[in-house]
Amino acid sequence: QQQVKQSPQSLIVQKGGIPIINCAYENTAFDYFPWYQQFPGKGPALLIAIRPDVSEKKEGRFTISFNKSAKQFSLHIMDSQPGDSATYFCAAPSSNTGKLIFGQGTTLQVKP
Amino acid sequence: DAGVIQSPRHEVTEMGQEVTLRCKPISGHDYLFWYRQTMMRGLELLIYFNNNVPIDDSGMPEDRFSAKMPNASFSTLKIQPSEPRDSAVYFCASSTTQIADTQYFGPGTRLTVL
Chain D
1 QQQVKQSPQS
11 LIVQKGGIPI
21 INCAYENTAF
31 DYFPWYQQFP
41 GKGPALLIAI
51 RPDVSEKKEG
61 RFTISFNKSA
71 KQFSLHIMDS
81 QPGDSATYFC
91 AAPSSNTGKL
101 IFGQGTTLQV
111 KP
Chain G
1 DAGVIQSPRH
11 EVTEMGQEVT
21 LRCKPISGHD
31 YLFWYRQTMM
41 RGLELLIYFN
51 NNVPIDDSGM
61 PEDRFSAKMP
71 NASFSTLKIQ
81 PSEPRDSAVY
91 FCASSTTQIA
101 DTQYFGPGTR
111 LTVL
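Listed in order, the protein sequences are those of chains D and G. Using my numbering, the letters of the first sequence correspond one by one to residues 1 to 112. Using my numbering, the letters of the second sequence correspond one by one to residues 1 to 114.
Source of the hints: derived by calculation from the structure; they are not laboratory data. Here a beta-carbon is modelled for each residue, glycine too, at the ideal position from N, C-alpha and C. One or more hints might be untrue.
[What the hints assert, rightly or not] Cut-off 30 Å, straight-line C-alpha distance, at most; resulting in silico cross-link-like pairs (DSBU-like, lysine-lysine):
1. D:42 - G:78
2. D:99 - G:24
3. G:68 - D:42
4. D:42 - G:24
5. D:42 - D:58
[Stated by the list, open to error] Facing chain D, from chain G, some residues (calculated, C-beta under 8 Å):
6. 42
7. 43
8. 45
9. 56
[What the hints assert, rightly or not] So these bits of chain G aren't anywhere near chain D, every CB distance computed over 10 Å:
10. 2
11. 7
12. 14
13. 16
14. 27
15. 67
16. 68
17. 88
Bound conformation, chain D alone:
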């Protein structure tokens, strides 16, 4: 079964730090790589997504970097804040159906 491998499983940073979460995927039906953010007791919500005709996309403090040859993409959070403490999921479209396959998630804690 196709997988998306996400690391690290958990991450603790100080306020203002730059947490980086990495994902590796197998073959995909097309290039669409989203990141979802989930707060406790809530459903995941789309944070940022990239359709790589570019290698990087930035929205506010959040940046996706994409390396197509390596089949990897990562999320960087600049100037992280305690309010960014959440679980982050990457996802990639499966090669045969296009349905999104989610990574295992990274629990981020930003300390004040």
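We have chain D already, so just place chain G on it with the hints.
Coordinates of chain G only, in the frame set by chain D:
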């Protein structure tokens, strides 16, 4: 728009009982997804519908699980009979015309099977 609506938010039942989870997608969304989230297995896609038709149910774990979408504004996920290992948070999500596009998740139903 109220977003994706799920009910109940919490369900506690005993092993062997039938459980029905409900979902109302965002109006105008053609795709509806059912996910299960556990600590061990993360976020798993169980089944998804396109225009009320089940497209891929390969993630449904067993025949005890079934899902229906009788119309564009309502879907159910049923577990019969329920088992303790079914305890999880079940999410419904919907999206517009493209399968790999923004999925809008509901708040989830936390199911506990005793």
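Taking the hints in turn, this is what the structure says about them:
At most 30 Å may separate the alpha-carbon atoms for a hinted pair to count; residue 42 (chain D) and residue 78 (chain G) meet this at roughly 22 Å. A hinted pair counts as satisfied when its Cα atoms are at most 30 Å apart, and residue 99 (chain D) with residue 24 (chain G) qualifies at roughly 20 Å. At roughly 24 Å between alpha-carbon atoms, residue 68 (chain G) and residue 42 (chain D) fall within 30 Å of each other, so this suggested pair holds. In summary, the hint linking residue 42 (chain D) to residue 24 (chain G) is supported, as the alpha carbons are separated by about 16 Å, within the 30 Å threshold.
This hinted pair checks out: residue 42 (chain D) and residue 58 (chain D) have alpha carbons roughly 25 Å apart, not beyond 30 Å. Of the supplied interface hints, the one on residue 42 (chain G) holds, with its beta-carbon coming within about 4 Å of a beta-carbon of chain D, less than 8 Å. With a cut of 8 Å, the hint placing residue 43 (chain G) at the interface with chain D holds, because the nearest CB-to-CB distance is about 4 Å. At its closest, the beta carbon of residue 45 (chain G) sits 6 Å from a beta carbon of chain D; the interface hint therefore holds under the 8 Å criterion.
A cut of 8 Å between beta carbons decides the hint on residue 56 (chain G): the least distance to chain D is about 6 Å, and the hint holds. The claim that residue 2 (chain G) lies off the interface holds: its Cβ sits roughly 13 Å from the closest Cβ of chain D, which is beyond the 10 Å cut-off. The Cβ of residue 7 (chain G) sits about 14 Å from the closest Cβ of chain D, beyond the 10 Å cut-off, so the non-interface label holds. No Cβ of chain D comes within 10 Å of the Cβ of residue 14 (chain G); the nearest lies about 24 Å off, and the non-interface call holds.
With a least beta-carbon separation of about 28 Å from chain D, residue 16 (chain G) lies farther than 10 Å from that chain, consistent with its non-interface assignment. With a least beta-carbon separation of about 18 Å from chain D, residue 27 (chain G) lies farther than 10 Å from that chain, consistent with its non-interface assignment. The Cβ of residue 67 (chain G) lies farther than 10 Å from every Cβ of chain D, with a closest approach of about 15 Å, so its non-interface assignment holds. Distance check on residue 68 (chain G): its Cβ is at least 19 Å (rounded) from any Cβ of chain D, clearing the 10 Å threshold; non-interface status holds.
Even its closest Cβ contact with chain D, about 13 Å, leaves residue 88 (chain G) beyond 10 Å, as expected for a residue assigned away from the interface.
Hint compliance for this structure: every hint is met.
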